[in-house]
Amino acid sequence: MTTFDVLVEVSLRAGIADPQGATVERSLPRLGFAEVHGVRMGKAIRFTIDAPDEEAARMRVEELCRRFLTNPVLEDATVSVEPAREGAHR
Amino acid sequence: MTTRVGVVVFPGSNCEHDAAEAVSGLGGEAELLWHDEATLRGVDGVVLPGGFAHGDYLRTGAIARFSPVMGAVADFARSGGPVLGICNGFQILTEAGLLPGALQKNRGLKFLCTTVELRVETIASVLSSLATAGARLRVPINHFEGAYTCDPAALEELRAEDRVVLRYVDNPNGSLDDIAGVCSRARNVVGLMPHPERACDALLGSADGAVLVRSFLSACAAWAPPGPLSPASAARPRV
Chain A
1 MTTFDVLVEV SLRAGIADPQ GATVERSLPR LGFAEVHGVR MGKAIRFTID
51 APDEEAARMR VEELCRRFLT NPVLEDATVS VEPAREGAHR
Chain B
1 MTTRVGVVVF PGSNCEHDAA EAVSGLGGEA ELLWHDEATL RGVDGVVLPG
51 GFAHGDYLRT GAIARFSPVM GAVADFARSG GPVLGICNGF QILTEAGLLP
101 GALQKNRGLK FLCTTVELRV ETIASVLSSL ATAGARLRVP INHFEGAYTC
151 DPAALEELRA EDRVVLRYVD NPNGSLDDIA GVCSRARNVV GLMPHPERAC
201 DALLGSADGA VLVRSFLSAC AAWAPPGPLS PASAARPRV
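Chains as they are written, first to last, in the numbering used here: chain A, 1 to 90; chain B, 1 to 239.
In case anyone wonders, no lab produced these hints; they're calculated from the structure. Just so you know, even glycine gets a beta-carbon here, dropped at the ideal spot from N, CA and C. Treat the hints loosely; a few may be bogus.
As the list claims (entries may be wrong) - Covered stretches of chain A, as calculated for chain B (at least 3 residues, CB under 8 Å):
1) 32-41
2) 54-63
To be verified - Computed spacing ranges between beta-carbons, pair by pair:
3) T48/A - F111/B: 27 to 37 Å
4) F111/B - F68/A: 37 to 47 Å
5) A17/A - A153/B: 15 to 25 Å
6) A135/B - I16/A: 29 to 39 Å
7) R138/B - S80/A: 43 to 53 Å
Just need the whole structure built from these sequences, with the hints factored in.
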């Protein structure tokens, strides 16, 4: 078994209204950041997983996303998996 | 025999007593059911009340869906038993896949606590059978994540099958198609964001919710568990 670092980024699906992102974006010109566009809010979930290899880890994480970490009616997830750095998350 | 309605209590539920009070005020017997027990104790109907089950962590309803009681609720719903999800209870029913769609943050990003007008769209559901189609009811709302959303195919199906039970007269939260409440294909599972249980007495500002709670109680009274056992005895153990 190898331990992998996982980052799951949950974002609202294209076409789903994002009132938080829109509110943040509307406030930006007042702060002098009028050139910033397309703000979308999401969630980042980090954890480690033990698996025989990276492919197996990715498959388990994707299943976890489907069944729990996202609501497929509203959200998508992007998953990154890499071998754990020693001492991280412990 | 008195109609027994189970009100499920999750850690973070906060409207269970409102629901129980409405049920007993209208002649039913309410029984609080702790989420960690995988049994409904033979009740005649189930209410998932409002609140913030499991702190609404991750998403509203996401963790509540895995509470042990939810397996029993799903079995009960599949066998035709009346199930009502109010506010957070509605969110839990969508997460559990017992109702289609999902509830999103309100358009305008405000927590809404006010009284709204609802229109009864169909009386073919366990929540609306005693109401009048087209009737307008004044019922409170109290939510941050109440904007109903579903994909176009699901919306088409809800409309074609007449499963939108209640619509907002003046949409307060950005819900798709003004939807305030929907029912399952078999019409025995209903979820809604407004709180009819808090509008069952004129002293509370409106008694318009009472017809909905009475409808639900009458569905509970009429429902008999399926199977070989007599509904009167063995199938309804009193624990």
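Unmet hints by their number, sorted upward, for this structure
Hints 1, 2 and 4 contradicted; others consistent.
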